[in-house]
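K.L.:
Protein sequence lines correspond, in order, to chains B and W.
Quick note on my numbering: the first sequence kicks off at 1 and runs consecutively.
Quick note on my numbering: the second sequence kicks off at 1 and runs consecutively.
Think of the hints as simulated: they come from the structure by calculation, not from any bench.
All C-beta atoms in this analysis are idealised placements derived from N, C-alpha and C, irrespective of residue type, glycine included.
It cannot be assumed that every hint is accurate.
Said to hold, decoys possible - Straight line, CA to CA, 30 angstroms or less: simulated DSS-like cross-link-like pairs of lysine-lysine: (1) K64/W to K43/W; (2) K82/B to K43/W; (3) K13/W to K43/W; (4) K106/B to K82/B; (5) K82/B to K13/W; (6) K16/B to K82/B; (7) K16/B to K106/B; (8) K13/W to K64/W; (9) K16/B to K13/W.
To be verified - Taking CB as the label site, the calculated pair distances span: (10) T83/B to Q1/W: 41 to 47 angstroms; (11) S57/B to Y25/W: 19 to 25 angstroms; (12) Q5/W to K82/B: 39 to 45 angstroms; (13) N53/B to E16/W: 24 to 30 angstroms.
As a plain string of letters, each chain reads:
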Amino acid sequence: NFMLTQPHSVSESPGKTVIISCTRSRGSIANNYVQWYQQRPGSSPTIVIYEDNQRPSGVPDRFSGSIDSSSNSASLTISGLKTEDEADYYCQSYDSNNVIFGGGTKLTVL
Amino acid sequence: QVRLQQWGAGLLKPSETLSLTCAVYGGSISGFYWSWVRQPPGKGLEWIGEINHSGDTGYNPSLKSRVTISVDTSSNQFFLRLTSVTAADTALYFCARVVTVTKKFDYWGQGTQVTVSS
């Protein structure tokens, strides 16, 4: 098995840009797609990025995803931050035996 | 529009069996995997396992000995059974649809709170 490690929390001001990282412990980040989910308090997760960098319809283009093989990590970038972006964000990937979620990052927009 | 609605017993005693049902509306159960994910209080998401319409399953190795996921294509429902529960199984349980190849969880149920307490 592998782990996906995310920062516990990040904070930034409205209008700014934040980047949330997700580092894979074993195996190449490029071998299996990475998804990102947003979870607001009291709600189910919703997908904001799939297949590393694809945005579902209805998700603003302020959200983008990427992977970096040199650091074996994925990143979620949110630009033009809005107070409504305040939530927990989870990365997710898989291998042949398991589906793994990162520990989650609490985004505070102050 | 696909919608997942889930239900099941919310309060269990240690050693009992957790049973949850997830009904799929607005789409066929064929062509996708269907998964269970849980979230302990104040913690992150943990994948429990998945099943497709043919009954092919995959389970989290850490839970495999206690978990059974099954499907009923005639009613468009799938089910979670977790045996010998302890307080560590207290969590919010979600069902979700999974796109087979990319493992994208694109539709989620509303969640069911399960508490294990004597």
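K.L.:
State for each hint whether it applies.
P.N.:
Verification of the supplied hints:
no. : hint                               : verdict
1   : K64/W to K43/W                     : holds, 21 angstroms
2   : K82/B to K43/W                     : holds, 24 angstroms
3   : K13/W to K43/W                     : holds, 22 angstroms
4   : K106/B to K82/B                    : holds, 14 angstroms
5   : K82/B to K13/W                     : violated, 43 angstroms
6   : K16/B to K82/B                     : holds, 9 angstroms
7   : K16/B to K106/B                    : holds, 16 angstroms
8   : K13/W to K64/W                     : holds, 21 angstroms
9   : K16/B to K13/W                     : violated, 48 angstroms
10  : T83/B to Q1/W: 41 to 47 angstroms  : violated, 28 angstroms
11  : S57/B to Y25/W: 19 to 25 angstroms : holds, 20 angstroms
12  : Q5/W to K82/B: 39 to 45 angstroms  : violated, 30 angstroms
13  : N53/B to E16/W: 24 to 30 angstroms : violated, 44 angstroms
The structure fails hints 5, 9, 10, 12, 13 (numbered hints given earlier, in ascending order).
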